[in-house]
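Q: My request is simple: use the sequences and hints to build the entire structure.
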Amino acid sequence: MEYLKKYPKLFQWLFLLIVFFALCFAIDVPETYKFIRGQAEFVKDPNQSVYFFLGKEVRYYAFDVFWRLPPLLGWLPIWINDSLFFLMNEWMPMEFWNEDTQEFKTRPLLLEISRNLTSFMTFLIELIREILLGGLETIVAFTSWDFIDAYPWLELPGLPWTIVAAGAAILSYKLSGKGLALFAGLTMIYISIFGQWKPSMQTLSFILVAAPLSFIFGLGLGIAAYKSKRVEKALYPILLVMQTMPQYAVLVPALVLFGVGDHAAVIITMVVAVPPMILLTILGLRAIPPEVIEAGRMSGCTNWQLMFKVLIPTARRDILIGVNQVIMVCFSMAVISAFIGAKGLGFNLLLALNQLNIGLALEAGLCISLIAILLDKMSLAWANKQTDYFGNLTFFQRNKNVIFFAASFVIGIILAYIGTFIFKGSFNYLFEIPHNKGISTADFWNKGVDWIFDTFFVYIKAFNTWLIQDVLQPMRALYLRMPAVATLVLAVGAGYLIGGIRSALVVAALTLFIALSPWWDRALVTLYMATFGVVISCLIGFTVGTLCFQNKKSAAFMLGVCDIFQTFPSFVYLIPVMMLFGITDTSVLIAVIVYATIPATRYTIEGLRSVPVGLHEAATMSGVNKLQRLTKIEFPLAFPHMMLGINQTIVFALFMVIIGAFIGTEDLGQYILKALSDKNGAGIGLTLGICVAFIGLIFDNLIRTWVEKRKKHLGIA
Amino acid sequence: MLEESNGNVDAKTFQEKGCIVGVNNASFEVAKGEMLVVMGLSGSGKSTLLRCISRLTDATGGKIFIEGQDLLELNNKELIELRRNKMGMVFQSFALLPHKTVVENIAFPLQIKGTNTEESINRAMEMVKLVGLDGRENYFPRELSGGQQQRVGIARSLAVEPDIWFLDEPFSALDPLIRKEMQDEFLRLQEKLQKTIMFITHDFDEALKLADRIAIMKDGIIEQLDTPANIVLNPATEYVRKFTEEVPREKVLVIEDVMDTSNNDNLGDLKVSKDEIIENVAEKILTQEKIVAVVDSENNIVGSIKPSKIIDTVFGGRKNGS
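Chains as they are written, first to last, in this note's numbering: chain A, 13 to 729; chain B, 758 to 1079.
A couple of the hints might just be wrong.
[What the hints assert, rightly or not] Computed footprint of chain B on chain A; a stretch qualifies when at least three of its residues, placed anywhere within it, have a C-beta under 8 angstroms from a C-beta of chain B: (1) 82-91; (2) 301-307; (3) 323-333.
Note that these hints are calculated values from the structure, not bench results.
Since the model is a prediction, treat every value here as computed from it, not as a measurement.
Ideal Cβ placement from N, Cα and C applies to all residues, glycine included.
A: Dropping the structure here:
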């Protein structure tokens, strides 16, 4: 009884667990229950039950409601699908002028909007692509095919790679200094020599369109949300869901609305990249000291002047960090959107992975990672760069970068011209090195993979079998054994114990949505894979983080490593694991672990760092040793921040599990992948995406609430 | 010149309705060229009062007049016009724009107004000289010390040559030594410029040193508004008295406040001006055996003071209250 009074929370948790397990044992597995008979699949089977909702027929296998809830939301994907088709093909037909046939034509409004948007995006992408690579579609867009036939010299020649490389180096030098300039130059030369120039520039042009557009929209919406509470309230839930929604899932609706191609990829990238930009814009504007705003007002600024001359320049750093985030999202989408036909490195990477050509995949992956790191470092350098005073510099000093670029432009063209004489009849290597003429190390890597397989096959196989048979399958069975009602009770109970009624209600709503969707079983499998990944990632991350923290240099080094790893597009992680473990669940799990360890490590180091110096000194003066200091002072204080790390780890793990479906797992991701090739997939893809987002949000809600309370309790909020 | 009239509403009726009163029942006038210091502890409503007058916060009731024009009836455009030409404000945390140099910061209000670049920079350079930052005009705020930053803030607020100058605890964020230096600098500037000033502070010593008149605020209400000497000699309320208790009188009072105005023939040779602060002449007076004559600026004798009165003021006065 005394213990009960001393640790009331502990007993509440114990009670919750007892109820949970009691429910688990009380509710038997129905005899007819088998996994993989997808609740989601609408094959006609005499054992299925049927219900109608709003005229939609939903078929499902009925169980005891304690075991699995009936998919009452089964109509949702069908309904979303039908609505989309209705909007696209029937809603609001209007008369539109058709340029080609010179007459009015009746078309649904949305279809026309989508067409116009498509042609606008295509034009933008082609414009930049042709500046970098050459081509004639931009000129044609302004004139006509006949015109280009008459004046064939108007075709854009494209920039020689030497000029792009020099430009990248000069820009890096201006932003950061010699180190980055060297890196930029070497990256460009590497890309060129290894024959990846064309796909790289295709990817780059895609990013050069998607990133600025996302920036403009994100900034605009961020400002709107800053100015009006109502806009912010409307945006907030969308932002929250978009943060945890796997990027895969948004591809499918985009497919329906905009079709296949680079333009659809750009639009969908904007949908994913705008939310972080909005968040950082709001954050930056909120952080401006009120007195600066008052100073602006007292100087007699109009609202417009206040926004663009005072607020945005003052919040410059946060806004540029937003730009950095946008660029990173664009890179990860550059690969994923290859599924809907974006050209470039991503497409090559997917193709190579599909053909199990690890060597080629590695080359493409390396290229995209290098460009990602380069742009990441450049945008960060831009964010941290302080403006310098340049009034008293000479003309040359002020414009030296422009002059250098002009000079290298001329030299590049001359070199390319000379090249036409040197490489007569063959390819002009000083202009552009074609894809198959560069140096390729693919064979070397492929042989390496073969060698690894030949040499270590027995061990890898044994490890694989052990992991799958003795660890993963029992774990999966356990997760699937959880009755829906028991899981609900556990989630809601945890919500109540952590955050009171409010949290309990939120968690209950999110869980119910998943339970009532047709994919509860799949969600459980997703959860089991994510849990496995998160547990191991956190173990590794906490250990590595704590060890690295013991020394300032190693901590800084580790954070740098985390930065670099984080810039890799998520798909790249699949390459090395497939190299070692082939196409198995083990590969996916290892990719999950590697990917999710990044935030776990980072947040551990940052959390330990944030312990105030005063406390360190106080501890040292009371004579603690290193271990005591760690366990008694640093861990308790850093723990809330580390919990936020776990939160991130969960989101990362979920993302990777979903992407892992590409290798072939049987979680929610598999269905999202299926939906991509299904003409009625839009609704399914979106609903699945929301399910995954909700799994993330359940944990997000619980962890955040707990951290806030804990921080308040410790007085470090 | 500044006139604020407010319906007399009891603070308690507000509180019963669940409102927090920022400023209530604060009616006063400030004459042209006068420096009014508003003094109060944090939360007393002094900053709110200032923001009501500059309309950074919109007052819910009452009237504010500038040169006979009601500020609350101005529309947005007129208000911006007024701020561009007649008002300047200095902030506690300096509130400089981090992306602009010293001279650009100072030229900012001019450029907002639409002055061309060359003219605004020239004017800003004059201001740089005025506040003694020559040679640092191309520095960024992040490269300056707190005192220097506040000089930039002062220069910026003066760049448009405003008639009314608001200072919101301008020296509170500075170290004591720098603060004293800035106060002296501020007095020098005011002597030159003769602006109409509203100066907010929570430091009573600062208020005494700078003010023509002091308004002491508590819970949004002005407890007393008077000259420094009167506040020290005749605190209107218990609250004001607490503040004045520890104040060294010799630093605040001038001879005129304590002199004897009745005719006295038995005067010594020493003459002191009636406007001298006691502290500055105390030593001279105390070495005299005779009664000292007090003269005005035209050297006419207007009163007298006994050395014992000085001793009384410095050491004895506190216990008696006045």
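Q: Determine for every hint whether it applies to the structure shown.
A: Against the structure, the hints:
1. With 0 residues carrying a beta carbon less than 8 angstroms from a beta carbon of chain B, the stretch 82-91 of chain A misses the three-residue requirement, and the given coverage is violated.
2. Under a criterion of three residues with beta carbons nearer than 8 angstroms to beta carbons of chain B, the stated coverage of the stretch 301-307 of chain A is upheld, 5 such residues being counted.
3. Closer than 8 angstroms: that is the beta-carbon criterion, and the stretch 323-333 of chain A has 3 residues meeting it against chain B, so the requirement of 3 holds.
Figure legend: structure checked against the earlier numbered hints; the only hint not met is number 1.
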